[in-house]
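Go by the hints and put chain C onto chain B.
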Amino acid sequence: MKYYRTHVLVCVDPECLKRGAHDIIDALQDELVAEGLIDEVQVLETSRIGGCSEGPEMMVYPEGVHYANLTVDDIPYLVEEHFLKGRIAQKLVMPIEKTVDEELSAPTAKEIRVVLRNCGVIDPENIEEYIAEEGYMALAKCLTEYTPEQVVNDVQASGLRGRGGAGFPTGKKWQLARNSPTTPKYLICNADEGDPGAFMNRRVLESDPHSVIEGMIIAAYAIGASRGFIYCRAEYPIAVRTLNIGIRQAREMGLLGKNILGTDFSFDLEVRMGAGAFVCGEETALMASIEGKRGEPRPRPPFPAQRGVFGKPTNINNVETYANVPQIILRGPEWYASMGTEKSKGTKTFALAGDVKHSGLIEVPLGITLREVIFDVGGGIKEDKGFKAIQTGGPMGGCLPAEYLDLPMDYEALTAAGSMMGSGGLVVMDEETCMVDIARFFMEFTQDESCGKCVPCRVGTRRILEILQRICNGEGREGDLELLDDLCAEISATSLCGLGQGAPNPVASTLKHFRAEYEAHIKEKRCPAKVCKALIRYDILEGVCTGCTVCARNCPVNAITGERRQTHYIDPEICIRCGICMQVCNFNAIEIN
Amino acid sequence: MTVVTRSNQPVVDVVRQVIERHGATKDELIPILNEVNQLLGYLPTEALHLVAAEIKVPLSQIFSVASFYNMLSTKPRGRHVIQFCESAPCHVVGGRKVFQALQNELGLTSGETSEDGKWTLVTTSCLGVCAVGPVLIVDNDIFGNVTPAQVPDILARYH
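Residue numbers (our numbering), protein chains in the order written: chain B, 1 to 593; chain C, 1 to 159.
These are computed hints drawn from the structure, not numbers from a lab. Check the hints yourself; a few may be wrong.
Each computed DSSO-like pair below joins lysine-lysine, with the alpha-carbon atoms no more than 30 angstroms apart [as the list claims (entries may be wrong)]:
(1) B:Lys453 to C:Lys26
(2) B:Lys385 to B:Lys293
(3) B:Lys357 to C:Lys97
(4) C:Lys97 to B:Lys18
(5) B:Lys525 to B:Lys385
As the structure is a computational prediction, the values presented were derived from the model and not from experiment.
If we strip away everything but chain C, and leave its shape as in the complex, we get:
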């Protein structure tokens, strides 16, 4: 059974290459998982098994780390991941209305992926660009000073 990921390489190859780059030791676990998550779009179970075997740590511990950190996902994500800052400074300058507009436009709430696999919407904590709040990130693009009216335009740029 092949798992669908962002990469066109098989999961096995991606994971092995990452581990080789970082070294197969326990304290490299988070850098390894970070990079695999980046390359594959998320952490498939197969990848977790491989990492456990290579760095010789029980799968349960690997899973406990993978499920703890916000930026690692054990579930598949959409082609485009929207992160919306839900922290106080963005909130007090109109963030709530922007989030409402995002939810209305996508028909999704936080943590959900659209049926067609295009979008995943997640809320994130402070991104550190508070002076230009409200802020949202689509993939690696940061948008600041976002207004509800801009939301459809921003989303329209991504296929």
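Just chain B, with the same shape it has in the complex:
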């Protein structure tokens, strides 16, 4: 295997490509070959370095130097200075403030990276690099030293719980599938990460697919499955590609297929793509989709372990659950159980999004508080504005206000607080967020994604949405809030699957913690956060306005009138609250009421 001493990442986003990024890469490779450096310096294509208008650009590691505004003529000089002589080519350097933080480049002190350990460090399209990082050692250990029963025991002892959201003990789930007498048995990986704001699974699939593949092969051995599917959402084409390459390479090495590693255990895997339906993340809907049907859930029992896909025993786990397995086998279940809380063991990945300074992926031991995650790991609220709420667990989760900041992130604690762990999406909201608007927003999503099979969800979520829309439009009525309380309770109790059962959570939690905001919308026809369009007006301040006419000229609906040097006026009947006037005003003469 080649060891490179230097890595050059050249950005090939559309902007950089237009400016000649591929010519730069060609020139670079030619020059490296000419200087005999091609085996020491690796050139890689990457994306979103951040200095787009200064492209073509590249990052050079291990120094972490950013070169920009490159031309083909710069390349010989760059190669000679930096790669031959070991001196940074200063005249080509352009310091950038990272405007694009896809993920934190180095884990902060509070993070422990188990699932994410290889991400960004190895080449996902090269199985040898995974193997060099102890890859497939766990599988070898299982096949040569453990019985399937022992593997199940290890996973049970680790305390690993399903990372997709429900948190069911994984070892127990495997035991149930193992106990089922029918064959053939199937193994499925749920890679339909649909929660808005969650992209942890995407990162693992794109950057370390073998951790998932290995975890699945071990699981298949444990339960006695002969065939597996990775159901990956179609919105993740790169993940699909990386998985397919990984599977092919694993097969070539005898790690998948017949007689794995020369034993009599055989198992094969294929990728199935989704087609854009959030509900297919629900395990029974997912299985229906694999069978070529509409993604409609069905009641359980029977559970997949007894009768799953194609009517056979099936074990379904989330991407992250499988990705933990090789490490648990290699380092032992006691190591895993030493992290986390009493009932929530191990680490969990989270995706921090919204109004937080450092958004991106993190992995922390369970039990860490919300405050630590938002302020220590996440760096606090953007522009140091006030914290208003955090939504945990995706669109079926609840919104928690500041009183809950010291809540430990563990399955039971979050559920007791009216939210849930979910897949790990965390949306942070600052003081300028309207919680009624947010509730409406999430309800729009769940309404849209409802499969339509059961009445409580299909009709109930629509009714909730209608009420919320009315409230945001200034047409809220006395009795609306009580009606919402009732509807939420009913729909949660009677829906067929997790989507319907969880859909009212954002509404219920905002009603509980932010009731005053709802009341302001209904009784005073006022939106305290100044977000709901029908309840705000843009006003021009007399005395501050200079009559420069810039706003009137930029208004897309001609809602502003006024003479030169006279205070202008915005007609609230015509105004569409787009905010352009406020953006273009040079005198801060426009305010929202």
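Here is chain C on its own, set in the frame of chain B:
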């Protein structure tokens, strides 16, 4: 009557080739429809009839699957499809203003195709690139950290 699609091959040929690649079984239905949708730009009725006949599943079931999934379209789409993420993380970082700008610039709202057949605008749920929201995709190109001012420039790149 020939149906206008993104491909220059007749619908019949495209569908037959796809089915041959995947195998004519019921559980390959979604991969088949996905690929046909990709190649033709949408799923013409003719294609659905063909698939029903080849994999021996009633047309009603094929249609029920084709109409269920967001990424499959039974209506023709424009030459360029713009998908705008309308999920919460993009929304709280300014997504609403970007969507407004998109609608103003195109004169379209979600689900509509322009008269000249150039653009289709659809909203999509989370694309999983939340850290660089607001996000929009034109065909297969992803644009992140989009501001309203950038919208005309982004659209101008496509003919």
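Indices of hints not satisfied (ascending)
2
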